[in-house]
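Heads up: the protein sequence lines correspond to chains A and B, in order. Under the working numbering, the letters of the first sequence match residues 48 to 410, in that order. Under the working numbering, the letters of the second sequence match residues 48 to 410, in that order.
These are computed hints drawn from the structure, not numbers from a lab. Errors might be hidden in some of the hints.
Heads up, the list lumps identical chains together, so a pair's fine if it works in one copy or across two of them.
[As the list claims (entries may be wrong)] Below, a list of computed lysine to aspartate or glutamate pairs in the EDC-like style, where the Cα atoms sit at most 20 angstroms apart:
id, residue 1, residue 2
1, Lys383, Asp211
2, Lys383, Glu96
3, Lys344, Glu321
4, Lys344, Glu374
5, Lys102, Glu374
6, Lys383, Asp60
7, Lys74, Glu59
8, Lys102, Glu186
9, Lys344, Glu185
Number of protein chains: 2
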Amino acid sequence: MTIQAKRSATIEDVARHAGVSRAAVSKVLRDAYGVSDAMRARVEASIAELDYRPKASARAMRGSSYTLGFEIPSIHNHFFPKIITGAMTELAHSPYQLIIAPAGPDHDQGPQAIEVLADRQVDGIVAISSRVPQPWLEELGRATPLVMIGRHQPSVSYDTLCGDDLAGAALAVRHLYELGHRRIVHVTLAESRVDTSPDTPHGMRVLGYERVMTELGLSPEYVRTSPEHASAADGGQELVKQAVLEFLRTADGPVGIFAAHDELALGALEAIAELGLTPGQASVVGYDDTDIAAHPKMSMSSINQSGTQMGVIAVRLLLERIAGRTESVHEVVAPKLMARGSSAAPEPRAPRAADVPSAHPTE
Amino acid sequence: MTIQAKRSATIEDVARHAGVSRAAVSKVLRDAYGVSDAMRARVEASIAELDYRPKASARAMRGSSYTLGFEIPSIHNHFFPKIITGAMTELAHSPYQLIIAPAGPDHDQGPQAIEVLADRQVDGIVAISSRVPQPWLEELGRATPLVMIGRHQPSVSYDTLCGDDLAGAALAVRHLYELGHRRIVHVTLAESRVDTSPDTPHGMRVLGYERVMTELGLSPEYVRTSPEHASAADGGQELVKQAVLEFLRTADGPVGIFAAHDELALGALEAIAELGLTPGQASVVGYDDTDIAAHPKMSMSSINQSGTQMGVIAVRLLLERIAGRTESVHEVVAPKLMARGSSAAPEPRAPRAADVPSAHPTE
DNA sequence: CTGAAAGCGCTTACAG
DNA sequence: CTGAAAGCGCTTACAG
């Protein structure tokens, strides 16, 4: 038995089989106006018999590809699957399909992944890349329906959707403060990766952190991962751990740690575990409330920004744009604090003051 | 300022701008044989100036789309990102792009996600869907270069790549046995979701489990999640937890739990945490060694099957097929046991026998 | 309601 | 080395 390359059925085959024109088949396919029931039945029968499936690439050349593209910056961050889940749910009974283009580890080098989608002639794009320059996006938005997640800067040619990162950072810091912490550090990405413009989620979280710290009369303090963080094979976990480890070794009193996202928070928890510190000695609050945060073994406090809901909203906005809307919409989702075991009232470090309640600043 | 839809440059525009034929531009694009240096330079300058990017859909109609499609069964299982990471690394300096089609929650209904990729005219497909019938795949394989991950059944028209699930299951069970466990249950998917044919990873793990248990003179015992597991919004975590909870409530002695993958293992650990059991009272070994398993707070024993390496191999096989290979290749990757804190020597349950070493069957 | 024809943006033989 | 022409599989006005 020799293996023979199979040629799959085309619209032409279906038309011939059903004894109608290609245009007729096309209309049935798209459920377009103006086909008799008889013809529809014949065509549908032929489609089924020949196991015909229209090629998306051919369709894309004239009309739409019925494909929506999602660009996600990192395959390692468990927040993004939440967004995808929401999007898929919303798309379930629509004619649209979803494809994902993950940004490579070298997504510094430019708008790559998002271009892959544009090149694929998708009908619309949802992107979560915060590092692409605005003018470039404005241009893309004029060519393709586009929804950007995590962009705070409003735009004219595309929609934006983001969490209220200022409020989220405030929730985290105030939570730690109310527990009694007075030394609260922010673990975030390397400076080169947090745009100085407050247009990125991480930029906004830094801003929010600074503001609340100032309001509370505390001084901001940062632990940053190295720029190589993003390209590390493990998603940078090890680098974060090292950075936090270094910080914790020099710190002596109890500290509150506000991590800019849960992956960073996991790294912090690793460092804390390695030093054998208690949640009171080093409290952690993450961001995104990824699935693992709620696991009893992890019990990590985190800021929830409704990732699933974001996916749903993003798809709705995109579908509206595809349907013709041209004015930009800018949605903001309110964050919620999920307080769990990783954050606790401050406890002193060192001489293992077992049960003796210790004196720590209460105001 | 009104927003004006942008038409992006075509090969025609470039040809005109450079004063050459479209064919010439096409050749430069594909780095094909037979272009003078002068022409190449002119064309490249025009491409840069017009910011031209070839449309993948148009290319796909005649030649290749330079796109490889990955189908992943669940966006919730953290094993798959490992595979994707490996694939992306391997593809980094190739002309190929990667797109991912996630299977919807209703991926019972047929080969959907994988068809999305085929419809998209990708140059080749790597799929991890084990539930698609073999004949269907054989047919797809004749139309498109195809690599299936996790299929044990050899095929004529596509390549396969899988972990040695029999060996992996044996590693897990023997590990628990050597720790001293004599009651060892297997937590796996609903029977309807583990094909009866030993063609799926989970089917093979069941088989491996049964064999070793028999060899060891122990009787197999299953905890299965309900069929709704796969379509649950949280990836089924809650359902697994409930199932394990139920089992642990009726069990009285120490038990070893071999979970068919880490997500199931996480659910088991949740149940164990909820009952306040120690690793000795309920030991867990997962499968896949996802990132979180190694986290000190989780410290979950697991079977590592080199997901990243699998991604690398899958891409290599696919690229070979695209380059013309037609004989099928079937690769098997050896699993490794990663023993961690979640599995320990048996301890009795109930009357909280604090430090007193208890009598439990040693042989 | 139905179909013939043009065209989307590329690549591929085929001449020159 | 270079280009004119055909064609990939669809959809879209436009006639009938």
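Hints and how they fare:
Taking the shortest alpha-carbon separations for Lys383 and Asp211, only the intra-copy value of 10 angstroms comes in at or below 20 angstroms, while the best inter-copy value is 44 angstroms. For the identical chains of this complex, Lys383 and Glu96 are neighbours neither inside a copy (53 angstroms) nor across copies (47 angstroms), given an alpha-carbon limit of 20 angstroms. Taking the shortest alpha-carbon separations for Lys344 and Glu321, both the intra-copy value of 15 angstroms and the inter-copy value of 10 angstroms come in at or below 20 angstroms. Proximity of Lys344 and Glu374 under a CA criterion of 20 angstroms is satisfied in neither setting, with 47 angstroms inside one chain copy and 48 angstroms between copies.
In this homomeric assembly, Lys102 and Glu374 never come within 20 angstroms of each other (Cα to Cα): the closest approach is 32 angstroms inside a single copy and 27 angstroms across copies. For the identical chains of this complex, Lys383 and Asp60 are neighbours neither inside a copy (56 angstroms) nor across copies (51 angstroms), given an alpha-carbon limit of 20 angstroms. In this assembly of identical chains, the alpha carbons of Lys74 and Glu59 lie at most 20 angstroms apart only when taken from the same copy (13 angstroms versus 30 angstroms across copies). In this assembly of identical chains, Lys102 and Glu186 lie within 20 angstroms of each other by CA distance solely across copies; the values are 17 angstroms between and 28 angstroms within a copy.
Within a single copy, Lys344 and Glu185 get their C-alpha atoms no closer than 44 angstroms, and across copies no closer than 44 angstroms, so neither meets the 20 angstroms cut-off.
Consistency with the previously given hints fails for numbers 2, 4, 5, 6, 9, ordered from lowest to highest.
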